[in-house]
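Please work from the sequences and hints to get the whole structure.
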Amino acid sequence: MVPALTALRTAVCPEALPCGPAGHALVPEDIAETFDHGWADGSGAPRAADREDRLTEIAVSGGVLVALRRRDEAPVDVHRAPVRAWTLGLAWVRLGLSEQMLDTCMTYLRGRVTGAGTLLNQQMVKGSLAEVAIEHLEIETMMDGALPGDLDIAATVHLHAQITRADRMLLRLLGAYGFLADGPGQVAWVSELLADVYVGPPAEGGPR
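Residues 2 to 209 (the working numbering) are what the sequence shown spells out, left to right.
It cannot be assumed that every hint is accurate.
Derived CB-CB ranges, DEER-like [what the hints assert, rightly or not]:
#1 P47 to G128: 48 to 58 Å
#2 G128 to T108: 10 to 20 Å
#3 T35 to L138: 35 to 45 Å
#4 T35 to A117: 24 to 34 Å
Source of the hints: derived by calculation from the structure; they are not laboratory data. Just so it is clear, CB atoms sit at the ideal spot from N, CA and C, and this is done for glycine as well.
Put into structure tokens, the structure is as follows:
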């Protein structure tokens, strides 16, 4: 997760701390501590300790993520190309995490034996896994070859909502294992948190 977010930051907003529309950021620790400018919509603004709150730290694969809130962040124009590049790139990162979670889920279910075989071979489980795989395929088809300007804001928000929905379906299949602090549940939670910080929820009445 950390390497993917670092690569995205390097590609979209080099030398700056990427912030969401409300001034929040969720970034690898070295990014939080290295750059003296914040970035929200293609332009940077100096960071100041007295106008920034360090909210929490989250240990994840590959390092630590830091959650910040900049209290002086100006409103963000979500239609600007740099913002759309960031949210599209973030969707690719989240899709990759979701696909890894699908692999983890299948491995886990394959090892859980019931009276009639493994959980993986149960019809309802197979149907749910197929539904997740279809969600992943639809998301990838929408994003494949797309440039930041090709998808409007509503479409990007919908893609992130689809990823969240797929992750939640997988967590239900994993049962209690999915809620372990160092298990796939944490990955799903952080992934959804990234969407909340940088994309926001779907519009009222929209797909979730």
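Right, here's what the structure says about each hint:
1. P47 to G128: 48 to 58 Å: Check passed, 53 Å falls within 48 to 58 Å.
2. G128 to T108: 10 to 20 Å: For G128 and T108 the Cβ distance comes to about 19 Å; the hint holds.
3. T35 to L138: 35 to 45 Å: The hinted range 35 to 45 Å holds for T35 and L138, with Cβ atoms some 37 Å apart.
4. T35 to A117: 24 to 34 Å: For A117 against T35, whose Cβ atoms are near 54 Å apart, the range 24 to 34 Å is violated.
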